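Student: Sequence:
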Amino acid sequence: MRDFLKKNLSLLSKELILLIKNTSNDNQYALSNSKSGVPTLLLNLPNGVQKFLHSKYDPLHEASQFIDANYSNKKIIYILIGLGLGYHLKVLYKKISANDRIIIFEKNPNIVRLALSQSDFTDILSNPNVSLHIGVKPNKIEEILHKNRTNLAIYGYSSINLNSLVEVELNYYKLIASEIEQAYKKFKIDIDTQAAFSKEFYKNIFTNGKNIIDSPGIISLRNISPNTPAILVSAGPSLDKNISLIKTARNKIIVITVATALKPLLRNNIEPDFVISIDPNEDTIQSFDTKIIPKNLWLIYNPCIPHSISSLFNSRKIVMESKIALAKWITDNSEKKGELDNVSSVAHAAFQIARQMGCKPIILVGQDLSFEGKRMHCTDSFYNQANQDNIGTDRTLEALEDKKYRGYTPSLTKTLNIYGQGASTTKAMDIYKNQFKKEFDKNQTILNATEGGVNIPGALNISLKEALNQYCLNNKDVSMNEYIKEIKKPLKSQNILISIKKQLSKLNKIEKNIKALKIKYLAESDQTTNKKKFILEMKSLYNYLLLDESTISLIQGYDFITFVEWNKKTQIMNKTKHKQLDNEDTEKKFERDKKFIKMLSKTIGCLSEGFRYMENQLS
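The sequence shown begins at 396 in my numbering and counts up by one.
Calculated directly from the structure, the hints in this document are not laboratory data. Incorrect hints may appear among the rest.
Stated by the list, open to error - Derived pair list, reagent style DSS-like, types lysine-lysine, alpha-carbon separation capped at 30 Å:
1) K926 <-> K993
2) K489 <-> K401
3) K583 <-> K997
4) K416 <-> K532
5) K430 <-> K490
6) K833 <-> K926
7) K580 <-> K963
8) K594 <-> K984
9) K580 <-> K769
10) K598 <-> K904
11) K983 <-> K904
12) K984 <-> K926
13) K993 <-> K904
14) K594 <-> K636
15) K401 <-> K430
16) K990 <-> K896
17) K897 <-> K910
18) K731 <-> K583
19) K755 <-> K833
20) K964 <-> K469
21) K934 <-> K642
22) K964 <-> K485
23) K897 <-> K598
24) K755 <-> K636
Only a predicted model underlies this, so the values are computations on that prediction, with no experimental measurement involved.
All chains, please: the whole structure from these sequences, using the hints.
Tutor: This is how it looks when you write it as structure tokens:
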């Protein structure tokens, strides 16, 4: 048993080894021999009763039946909730494909120690696609799952619960399961967004390239205004109720607004200090009055926003880092700008900016996260204005709002607002609420002065008038000019031009390889008599691309949908139970790779054009 434990532990992280070794044996769990002779797991209850957590007759047979009933080869990620002695883990491991992932959550380190003591798990624990997590806090689940976010979002996951063990720690495992599902939903929204806008992201980032390099980063905002009250303005319908009150304390607070709430503020003669923009859609320019941008207003932006917005602000703009491959390439090769934690919406970005600045308290207004009646946005937001502009003899504002509301019907869920009244929200907004919940630390003063909308755990519901009277009006005046002096200007890097030239050279080499393959196999038509050779050479090309992580990330990020489709087809082929006829398999792979090479050719061309544009802008 000691040999098993020593061998197994050698493959775990130092943190897990210490956790397992230093946990006192409380005798709550113990080993016992089953009728078949292999160990089974016992739970010793306080009343002296013993409960079997695996079969007392044949745990191996039980595990085999259990996995047969819960296994699906359509999934790539398998999440085991409850390890026990790991019999079901071993059965599952024999069934999965080479690229599948297994993520294990077990609360009790004593159970893990017993499991690792009675059997050899070295083949499983040495596999980088298997991860073991012991006693993790539920709020850490999203962070743990993040590296698998793409596969989770595309394929979903198979949750395999060891119910006999889960029932013992039901509250804990229910929270774990809930956090897994919330993380999955969030990743799916993020990936769906990336898939829908990937090419638009790249177009905007290339045109913003010089702006990104020349702008100071959000890293320069860290703790520039400690203990200064900040109001975060969102464009929910409740903003109509209290927007005028912001003006009464304007000199005592920092005002940070999302882009959609900018016009409502300006039309109420309130000039914010910062406006945050992260949306790549060109329509978001309508949130800005391009003729009137307050001279002291600063833009905080994501690199993927339209250049038409970033160009409005001259030098008054601050950039954040982005996880989009192209944006990351730019900051990796010039200067780090500082990044936010996982951001689900622009309001989350605004909150993290305020927290980074050291603001206290942080006051939320217009953060409804629900519909008020059938309205999702306040008066004067560009969403509302679009409806106003479409009013005609046969189209009332109410009818237009009703039509838009009905468009959300498939994702609508019922909830209660802060007054206990019925309200409607969406799955996406519910995810946003849960994201806020995670971000609201107990040591912070977060005031929800929305005066409508849903309750956000961790924030104190209070009227805006009360919040201003209690936390702001008696403070000294806020001098943003003094704070702005602390913002560090970016370093002038000459390395970026060298990096662009090197990247163009890499792309040129790939382009030549693609042209050679097309001439050799697809010159006259999309057909070839050497399909197998074409497939093999495409595999070699892909393996060559994988050698350069930065370049393959750039390519994948540009045409995300095609890469997803290619990956799906590949995974299906790899996981097919019954081997296809050789010619059928060849035909499917040929069609897959033919489409893939067309995507590669187009992508390389677009990337080369974008980098040449940046080179000209910077020269």
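Student: So, for every hint listed, does it hold in this structure?
Tutor: Hint check:
no. : hint          : verdict
1   : K926 <-> K993 : holds (16 Å)
2   : K489 <-> K401 : holds (23 Å)
3   : K583 <-> K997 : holds (27 Å)
4   : K416 <-> K532 : holds (20 Å)
5   : K430 <-> K490 : holds (26 Å)
6   : K833 <-> K926 : violated (52 Å)
7   : K580 <-> K963 : holds (19 Å)
8   : K594 <-> K984 : holds (26 Å)
9   : K580 <-> K769 : holds (24 Å)
10  : K598 <-> K904 : holds (23 Å)
11  : K983 <-> K904 : holds (28 Å)
12  : K984 <-> K926 : holds (9 Å)
13  : K993 <-> K904 : holds (16 Å)
14  : K594 <-> K636 : violated (39 Å)
15  : K401 <-> K430 : holds (27 Å)
16  : K990 <-> K896 : holds (29 Å)
17  : K897 <-> K910 : holds (20 Å)
18  : K731 <-> K583 : holds (28 Å)
19  : K755 <-> K833 : holds (18 Å)
20  : K964 <-> K469 : holds (12 Å)
21  : K934 <-> K642 : violated (63 Å)
22  : K964 <-> K485 : holds (27 Å)
23  : K897 <-> K598 : holds (20 Å)
24  : K755 <-> K636 : holds (24 Å)
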